[in-house]
Amino acid sequence: MIAALLLSFGVIFVAELGDKSQLMAMTYALRYRWWVVLLAITVATTAVHAVSVFFGHFLGKSLPTDLMSVLAGLAMLVFGLWTVYGDRLDDEEQNRATRIGASVFLAVMSAFFLAELGDKTMLATITIATDHDWLGVWIGSTVGMVAADALAIGVGVLLGKHLPERVIAIGAAVLFFGFALWLTASGLIGASTPMIAATITAAVAIIGVGTVLIRRDRRLRAAADDVEPATPERSLGVHEG
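So the sequence shown is numbered by my numbering: it starts at 18 and just counts up by one.
Among the clues, some could well be false.
What the hints assert, rightly or not - Quick list of the computed label-pair ranges, beta carbon to beta carbon: (1) D242 with M212: 19 to 27 angstroms; (2) V191 with G171: 19 to 27 angstroms; (3) G195 with V226: 17 to 25 angstroms.
Hints in this document: simulated from the structure, not taken from any laboratory. For every residue, glycine included, the Cβ atom is placed at its ideal position computed from N, Cα and C.
The task is simple: from the sequences and hints, build the whole structure.
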């Protein structure tokens, strides 16, 4: 259980660095009491990761351990490229973060719950839960995400400015690539030649597609920066270059 807790904590904490959830946490902290925001995030995260662990745990019962390790490694590769790609709040999420409702707690909790559905942190939790102790993964992933968002809240409260940009994103991506290499290598020990070939092919395809998308996104962002003047809302995004 301890190993699952530590692994899930590390992976989810890294996944949250520069993620849209951190951006939303900081945005809320600039407007509301930090402890209300943190409590709402904790409740929403606990619920989302409970769902993730449930699906991951039962999915893992029906798949071979070696195959799950390889799939987890490929997933971590995707998460690493996703982190390099970066996250920014779209207009709807920005409006949701700045809207003042009758209950700040319920507003923040529901916003984070919806934002995390299908996000990379949820997918990473599902992946880890397929082959590790479900309780340890649940606790570790929840604490990891809350800790990362607490860091963003602290930045928002103390500085009132945007998150660190390129260094954090690249550092998180490197850690993800490390997880990807470790998990994939563990799954391929003693594997058949077709499985090794399929894994390498999949990894090359993922890297190729990710590289194309990242370059395309950078060109679009550079063009947008040339056209639009800087605004406080746009400064909340994670820009890669």
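Which of the numbered hints above does this structure break? When the structure is compared with the hints, only number 1 turns out to be violated.
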